[in-house]
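From first to last, the protein sequence lines stand for chains A and B. Residue numbers are given in this note's numbering: position 232 of the first sequence equals residue 232, and the series is strictly consecutive. Residue numbers are given in this note's numbering: position 54 of the second sequence equals residue 54, and the series is strictly consecutive.
Think of the hints as simulated: they come from the structure by calculation, not from any bench. Do not rely on the hints blindly, as some may be mistaken.
[Unchecked claim] Listed below are the simulated SDA-like cross-link pairs for lysine to any residue, each with C-alpha atoms no more than 25 Å apart in a straight line: (1) B/5 x A/144; (2) A/282 x B/33; (3) A/190 x B/71; (4) A/126 x A/144; (5) B/58 x A/276; (6) A/282 x B/41; (7) B/58 x A/168; (8) B/10 x A/272; (9) B/58 x A/167; (10) A/190 x A/59; (11) B/5 x A/291; (12) A/282 x B/71; (13) B/10 x A/276; (14) A/190 x B/63; (15) A/282 x A/295; (16) A/190 x A/174; (17) A/58 x A/43.
[Stated by the list, open to error] Derived Cβ-Cβ restraints for the label pairs, each shown as a range: (18) B/78 x A/58: 25 to 31 Å; (19) B/64 x A/186: 23 to 29 Å; (20) A/160 x B/57: 23 to 29 Å; (21) A/136 x B/37: 38 to 44 Å; (22) A/307 x B/37: 25 to 31 Å.
Even for Gly, the Cβ is constructed at its ideal location relative to N, Cα and C.
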Amino acid sequence: MSQLSFLAGDSLHFTVAELTRYLRGLIESDYRLGDLTVSGEVSNISRPASGHMYFSLKDADARLRCVMWRAEVARQAFLPTDGQAVEVHGHISLYEAAGQYQLYADDIRLAGEGDLYRAFMRLREKLEAEGLFAPERKRTLPAWPRVIGVVTSPAAAALRDVVDVLRRRYPLAEVVFSPTPVQGVEAPAKIVEALQAVNDFAHPDVILLVRGGGSMEDLAAFNDEDLARAISRSPVPVVSGVGHETDFTIADFVADLRAPTPSAAAEIVSPDREELAARLTKMRASMAASVRGSLLDLRWSLDQQLTRLRLASPRAQLANARQRVDDMERRLAGALGHTLALNRADVRRLGATLEAVGPPAVLARGYALVTRQDDGNLVRSQGQVAKQDGIRVRVQDGSFAAQVTDDPEGDAQAE
Amino acid sequence: MAKAKLTAPKDLSYEDAFDELEALVEQLESGELQLEEALSVFERGQALAARCSDLLEKAQLRLTELAPSEDGSLSPVDFELD
Numbered sequence: 001m002s003q004l005s006f007l008a009g010d011s012l013h014f015t016v017a018e019l020t021r022y023l024r025g026l027i028e029s030d031y032r033l034g035d036l037t038v039s040g041e042v043s044n045i046s047r048p049a050s051g052h053m054y055f056s057l058k059d060a061d062a063r064l065r066c067v068m069w070r071a072e073v074a075r076q077a078f079l080p081t082d083g084q085a086v087e088v089h090g091h092i093s094l095y096e097a098a099g100q101y102q103l104y105a106d107d108i109r110l111a112g113e114g115d116l117y118r119a120f121m122r123l124r125e126k127l128e129a130e131g132l133f134a135p136e137r138k139r140t141l142p143a144w145p146r147v148i149g150v151v152t153s154p155a156a157a158a159l160r161d162v163v164d165v166l167r168r169r170y171p172l173a174e175v176v177f178s179p180t181p182v183q184g185v186e187a188p189a190k191i192v193e194a195l196q197a198v199n200d201f202a203h204p205d206v207i208l209l210v211r212g213g214g215s216m217e218d219l220a221a222f223n224d225e226d227l228a229r230a231i232s233r234s235p236v237p238v239v240s241g242v243g244h245e246t247d248f249t250i251a252d253f254v255a256d257l258r259a260p261t262p263s264a265a266a267e268i269v270s271p272d273r274e275e276l277a278a279r280l281t282k283m284r285a286s287m288a289a290s291v292r293g294s295l296l297d298l299r300w301s302l303d304q305q306l307t308r309l310r311l312a313s314p315r316a317q318l319a320n321a322r323q324r325v326d327d328m329e330r331r332l333a334g335a336l337g338h339t340l341a342l343n344r345a346d347v348r349r350l351g352a353t354l355e356a357v358g359p360p361a362v363l364a365r366g367y368a369l370v371t372r373q374d375d376g377n378l379v380r381s382q383g384q385v386a387k388q389d390g391i392r393v394r395v396q397d398g399s400f401a402a403q404v405t406d407d408p409e410g411d412a413q414a415e
Numbered sequence: 001m002a003k004a005k006l007t008a009p010k011d012l013s014y015e016d017a018f019d020e021l022e023a024l025v026e027q028l029e030s031g032e033l034q035l036e037e038a039l040s041v042f043e044r045g046q047a048l049a050a051r052c053s054d055l056l057e058k059a060q061l062r063l064t065e066l067a068p069s070e071d072g073s074l075s076p077v078d079f080e081l082d
């Protein structure tokens, strides 16, 4: 009967503008809508040249359009990016031109308690309490992974990043790719299956679970409880590389190692070819050096033995004896020289004594020496000369000739 | 050393060759080997190092993807990134 009522003009009749203004009045008269805070995830942010900021807040079930005027934007210490969970303060009104109610925001901050975040924290606490993140559960990565399982989406750049790194660093390995969607409602279960498949059919030494960056919602599949448990059950170590440096997911916490990005995950599990080559070169050099060294050692001890042998030979002993003789001779000569020197000193002393009692000293005291002129014999007795004999008289400072003038006569006392 | 039981270097994987090489270098560096032994260890080490270098130079990353086979199980098949 609505059509009838319509025709009858029973119902109210508005123009669009009138109705819109009416609704706007209704909204604005509700005090609850005049001062409120809404939490949700930011999406579709745009900031045109006007300086105003337009964005949407969403959660799993609904979406709310928001606007923040330029003056308010300028006052904000924090401005959100897409995907962030935030809390926005403002009032609800109706934008008549678009027939759209929206939140006129005057304050915005990162939500520590956004729904996704809260769920994330709850799960994290639960699993942590179960000990799933315990350091002692973390397994050591294989030094030489032969088979590296890679669980990711075939569409993502993450796979290419991983393959590029492994090609460059460690082409000795085999990569087994286990494809799975990494986003969407089914993703967690599919990732669990892909993990299981790669373990069952490829027996890898290590598994990389990777995905490129995205919003917190995009990474939601990696915050799944079943996936966390599948990772902890994996028989081989799992390295996670999900999102960017700053993104942490539950998968990261439970993985044996968390890498900041897919490329980093690939680097962490692979030895570097250049480094390996350098190590080989070093080991070769070190082997050659040790062998050369031990040869030198052997040569040296051989030389030593030869020296000892030479010293012990009869010839050496002979030479040794000769040397000892030489030595003695030298010592003897030395000793002799000493004795001679001593003797010379004696001689000098004796000479002095001699001089003191010798003829010159006697002559100096006034005595004279008389010798015969003809035979030069010293005249000691008057019987040796006769009258007229020539004699020579020697005194202290010279001598002269003389003649015996009388017959010599004996000394009565001397007889 | 049980010389008869040594695997020919060409039949060793990189990691096995490298591990053995590392052990040989340590032995040599300890300086406790008889000369003859040291020389044969050295020779073996050279061969292992050559094997490793060879593998490093020639290695090509093998890339396979798990794909379902007829019986429904998965098996790795060659895979190329374009």
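**Request:** Give me the numbers of the hints this structure contradicts, sorted from smallest to largest.
**Result:** Checked against the structure, the hints that fail are numbers 4, 12, 18, while the rest are satisfied.
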